[in-house]
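Asks: These protein sequence lines map, in sequence, to chains W and H. Under the working numbering, the first residue of the first sequence is numbered 1076, with each subsequent residue one higher. Under the working numbering, the first residue of the second sequence is numbered 1076, with each subsequent residue one higher.
Fair warning: there could be bad hints in the mix.
Note that the list lumps identical chains together, so a pair holds whenever it fits in one copy or between two copies.
[Said to hold, decoys possible] Taking lysine-lysine and the DSBU-like style, the derived pairs with C-alpha atoms no more than 35 Å apart in a straight line are: (1) K1158 - K1233; (2) K1175 - K1214; (3) K1233 - K1175; (4) K1132 - K1113.
Hints in this document: simulated from the structure, not taken from any laboratory.
There are 2 protein chains.
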Amino acid sequence: MNKVTISPGSARGPVDHDVRDQIIVAATEHFRLYGYEKTTVSDLAKAIGFSKAYIYKFFESKQAIGELICANCLREIEMDVTKAIEGADHPPEKLRRMFKTGVESSLRLFFEDRKLYDIAASAATENWETARAYEGRIKAILLDILRQGREKEDFERKTPLDETVMAIYLVMRPYLNPLLLQHNFDSMDDAPTQLSSLVLRSLSP
Amino acid sequence: MNKVTISPGSARGPVDHDVRDQIIVAATEHFRLYGYEKTTVSDLAKAIGFSKAYIYKFFESKQAIGELICANCLREIEMDVTKAIEGADHPPEKLRRMFKTGVESSLRLFFEDRKLYDIAASAATENWETARAYEGRIKAILLDILRQGREKEDFERKTPLDETVMAIYLVMRPYLNPLLLQHNFDSMDDAPTQLSSLVLRSLSP
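Make the full structure from the sequences, and use the hints.
Replies: Take a look at the structure:
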């Protein structure tokens, strides 16, 4: 199989970024088709037409490639959620939209293209940094909505804020984490609405 | 391997019950050691010392044996929960205990003896009648606590009762269903307490 023409000796800079991007695009496509777990760096190298050693110049392991793909995927969910929240005026409605969009977007990204589930599942099982960072950002979005709601007196203020964030995160988690989400398909239609309502009742002043 | 001495032609009655029990006891032990998924009825027959045909006289399939073992296991969890609830006077405390004991008892039965997880997981994945009946009984216990709490004015009465039951069940489900529970080990120490508190806030009049 042909090697690409980029010289391994080229100076670090925009070119390196291009190669990294090229590897990520090709790897995403390859994982989509053949799954993350089953693919080795050798398979990937063969498919892209790079040498294995050349790929290792840019990524130290298969997981490093997976992490970046996973991060892109989680960022997409986060952007969907942020956009949905911005479209609402009131904190209670923001919370509903956060839950609803988070579930819909996760379902689409993890399961419609079933092969990406593989990477997300590894990230969750092995507690990758990308998965932990995502969890942190989801909690930060929650915190922000709760603060706004407390200021506007939509939400109660007695419970310590961090306790409220954590508990609501625990309610949402089974619908955001791909390992749990796969066992929740049956309740997917109504659960986000019913759980949002319960959470909002728990927040009433 | 020796066949047992009970005659296959014996009249239905107490003797049949004994044989069924004998099969269940031996099968439980065998599944514990070798797992449910990997064991066939032939393996089981060999291990117990019955012929395969003889086992089929009493159970129409491996699943029928698994269902009975699973039902015993779920009944044990239910009994633990019921006992814990009876020890509390007030509905809010009953709810806390239901959650806490349900999780502890499920962890013990599904995971301390890892091999029983196998059966419970099949029951949950394939939506066996035993698993559905258990879900129904858990909801009935919840309904009972909620009714008592509404009568005593511990809980709000505006939300339709069935909606409240369903939403609280959805909060508890990730900690009772073995397929979900296995991914929740990290949050096991605090989650039942934090989620019970959230649920109780949602119930406040």
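Asks: Against this structure, judge whether each hint is valid.
Replies: Consistency of the hints with the structure:
1. K1158 - K1233: both (29 Å within a copy, 33 Å between copies)
2. K1175 - K1214: both (16 Å within a copy, 25 Å between copies)
3. K1233 - K1175: both (27 Å within a copy, 24 Å between copies)
4. K1132 - K1113: within (22 Å within a copy, 44 Å between copies)
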